[in-house]
Amino acid sequence: MKLGANILIGGALFLVAVLAGVFAPWIAHTDPVMDANLMVAEEPPSREFWFGTDAQGRDIYSRVLYGARISLTVGIFAQLVNTLIGTALGLSAGYWGGWWDDFVTGLTNLLLAIPSLIFALAIMAILGPGLTSLLIALGLTNWSFTCRLARASALSLKSQGYVQASKVLGYGDLRIMLTQLLPNMLGPLIVIGTLGMGGTILAEAALSFLGLGIRPPYPSWGSMLSEARDQITTAPWLSVFPGLAIFLTVLGLNLLGDGLRDILDPQSRSRRL
Amino acid sequence: MLAYAFRRTLQSFPTVAAVALVVFVLFSVIPGSIATSMSDDGRGAMDAEVVQRMRKELGLDDPVYVRFAKYVGNLAVLDLGTSFRSREPVSQLLAKRMWPTMQLVLAAMGFAIVIGVPLGFVAAMRPGGVIDAVSMVTAVSGLSIAKFWFGLLLMYLFALKLGWFPTFGYGGWWYLVLPAVTLGVSPLALLARTTRAAALEVTNADFVRTARSKGMSEARVVRWHVVRNVAVIVLTTLGLQFGSLMGQAVVVEKLFSWPGIGSLLVDSVFQRDIPAVQGCILLIVLFFLVVNTLVDIACAVIDPRIKYT
Amino acid sequence: MTLLAVEDLRIDLTAGGISHAAVDSVSFEIARGETFGLVGESGCGKTITALAVMGLLPQPLAIGGGKVRFDGRAIESLDADEMRRLRGKRLAMIFQEPMTALNPLLPVGRQIAEMFILHEGASWRDAERRAVEMLARVRVSAPERRARDYPHQLSGGMRQRVMIAIALACSPDLLIADEPTTALDVTVQSEMVDLMRDLCVANGTAILMISHDLGLVGSMCRTVGVMYAGRLVEVRSSADVFKSAAHPYTRGLVASLPRLGSRAAIGQQRLQEISGVVPSIADFPPGCRFHPRCDRLTDVCRTVAPGVTALAGNGRVRCHHHG
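Chains as they are written, first to last, in our numbering: chain A, 1 to 273; chain B, 1 to 309; chain C, 1 to 323.
Same shape as in the complex, but just chain A (with noise of 0.2 Å):
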């Protein structure tokens, strides 16, 4: 794909995902928990309910739009999460060395030995279901990329003339660290939290299908694809748009973060595109 056509198309798929879930309360047409009519249980998608109803009764339409709130906010968030870990681990072992990077190099191939799904699974199975359990399991087991990629830039970093200049100058390693390495990392660091965003939401998604993340009444998108599959005989119109609007918002995020690359970080361009 054509280097800006990335960016133009994935942001712009990505906003509105953002934009639907912000102004959900405003554009949705009924609550999305409350207004549940068992007398349009089941409709397809008809003039009044533009996704159709589900087996409560509820308009899809508007679950989709609180549910984008519900899944952007954890995918975002638990992305945040992700990469203030692994940055904050990586720049630090690179930058430090000693045991405190045999330590975190340790700590990041036990993280990569481990299905980030099954350990989130396992977080969530001991925490037990519910959104901030859901931001823990997913912010606490993402971040191995963005550390090791942190480490190596520092590692390369570190060795600058620049860098040796502002020890000379008496700078504190906080200091060096914030002000001089990390601004230079920026690129990729952004990249992986694109594309990175792209992998919490669907981790998300799929938790809350297997009824291990947001549990009903509550709109996500992946719990509402979970009652989907039970009515996939009756009502196979369930299983479209919350997968749709996943695949959308995803799909926005990858190209947009491909796009960014190209931009951000040509090194790795190589090894891709």
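Misleading hints may appear alongside valid ones.
Unchecked claim - Computed footprint of chain B on chain C, listed as stretches where at least three residues anywhere in the stretch have a Cβ under 8 Å from a Cβ of chain B: (1) 85-91; (2) 95-103.
Unchecked claim - Cβ-to-Cβ under 7 Å is the rule here; a few derived chain B residues that face chain A: (3) Ala18; (4) Val140; (5) Leu143; (6) Ser244.
For the record, the hints were derived by calculation from the structure and aren't laboratory data.
Bear in mind the structure is a predicted one, so any value in this text is a computation, not a measurement.
Cβ atoms here follow ideal geometry from the backbone N, Cα and C, with glycine treated the same way.
Given chain A, work out where chains B and C should sit, using these hints.
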């Protein structure tokens, strides 16, 4: 070579140990009182006596180091405890369910390789062409799709509407098709992209120019030089794929009611069947580590630069 | 006996629908067994001229005009298969970076052996044996052991010897060497040069030597062609170039060479340089391309591109104010 294989295998032992430790910490120590957390489920408070009995059974009243010692001791003899729910030894449960999961993962991976790698190659042969654009768009879509949604759609279309495949369950290979395709979509997408990038990088490399300057036909250039070098790059990705595939398999298994370790894990989590959960996680991680080690060794066989790290 | 005759060669670079002539009106001949040096700064077009002769120009570049005659036959418009038959067997090339020019996953012996499989129908066993012989000929010690080594296990000098072995394996008529010693240590450079010369003299192989190092070219080649900004500005015997360069650019190049003993002879002086920089393809100056940097600049230089003037001793120059 053997020395490298041996060394590499040895390297994974500490990781296994660390994972076992983490699992122990997560499930035996942190929840504080597992027995009470079981009743936290909203299913109503459990009888105090029942809780007491469970604590005794789980050995929760023993001090931590005793519990850990017992845990390690048990692991050494492959005793993973007894399932709360079914009263079967966990290791037996796992043994029954291991083969279906392996089938699923291998079939998915096979599907991904057979379609993804050639697709990436063809796309790289004519960069910017129609096939290239179409396959790359498909690839990025494949990466963005939620597996369970895709599976749901496949199920609806091919099982319910067209009736070509069964919807749920386990039986002959006919049951394997939909789950394997569902699970295989994202590795396929990633492989296509990686192969394409690797092929492009290799065909533009200096040594390929040298090969051409020797008077080699394009076909020979590809056979003698390109394929090998691309394979090394792709193999590395494959290894990483397996790990996330194991994780994704959980969801796919649940969706298709596939009787594997993944669905056992999910069910056990719901039923707070801690030994089963522990067992599943340990097995999955072990499997992942084994695959990674094998892939690393395979890479070292093909790429002579690796052997001496 | 002319082996290679390049006549009025033009190479176009096409980007975004616009074509620039990266190289134009380049003409030179190389006789059988002769060594010809092509000299110029980075970006003057010497490498792509060589690639054009080999038929290996990468995508945005293509031959836009002129002729390349190899052994009397025009090869600039041959189809891919026919050109391929010439490569390796009659035309060979070695490149600047031996590390990346060899496949890191194959032993070097095998990479040499490929030549015999391709051009002489040898069996693998025969080919490997002959590869070891080639390694010995390029003066690699313990050739049987070395043949099983991988490129990353060899030093830069040895890799370049492997490249030479590959190039000369089938006794080609012409060897094109693109900056073969630039990436090597100075101490190794002269060994490499001697090796190439010895082997090529023994085989009757002509050499087209490309370099930015006038000194190197002068010591090795009988004839020198100087390129600037895509054009050949002077072709002379190397003796004449050093004695009395006709083109101001060549004179500048010769003068900028540090000479042993010059301080004793003429006292301490600043290193001579040619002021200014090489223009990029899109910004070639009108008229004589060298005129912004020339000390003999007059009005005609700014507007009229100089034609070719014949000089004594088979030389040629492009300058309004040569001599």
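key: Proposed interface contact between Ser244 (chain B) and chain A, which counts if any beta carbon pair is under 7 Å   = holds (6 Å)
task = Tell me if chain B covers the region 85-91 of chain C under the three-residue, 8 Å CB rule, please?
result = Coverage by chain B holds for the region 85-91 of chain C (5 residues, Cβ < 8 Å).
query = Does the nearest C-beta of chain A fall within a distance shorter than 7 Å of the C-beta of Val140 (chain B)?
reply = For Val140 (chain B), the interface hint holds, since the closest Cβ of chain A sits about 5 Å away, which is under 7 Å.
query = Taking the least C-beta to C-beta distance, is Ala18 (chain B) closer than 7 Å to chain A?
reply = This interface hint holds because 5 Å falls under the 7 Å limit.
message = If you count the residues of the region 95-103 of chain C with a beta-carbon closer than 8 Å to a beta-carbon of chain B, do you get 3 or more?
response = Holds, because 6 residues of the region 95-103 of chain C bring their Cβ atoms closer than 8 Å to Cβ atoms of chain B.
task = Go through the hint on Leu143 (chain B) and say holds or violated, using the shortest Cβ distance to chain A against 7 Å.
result = holds (6 Å)
The structure fails none of the hints (numbered hints given earlier).
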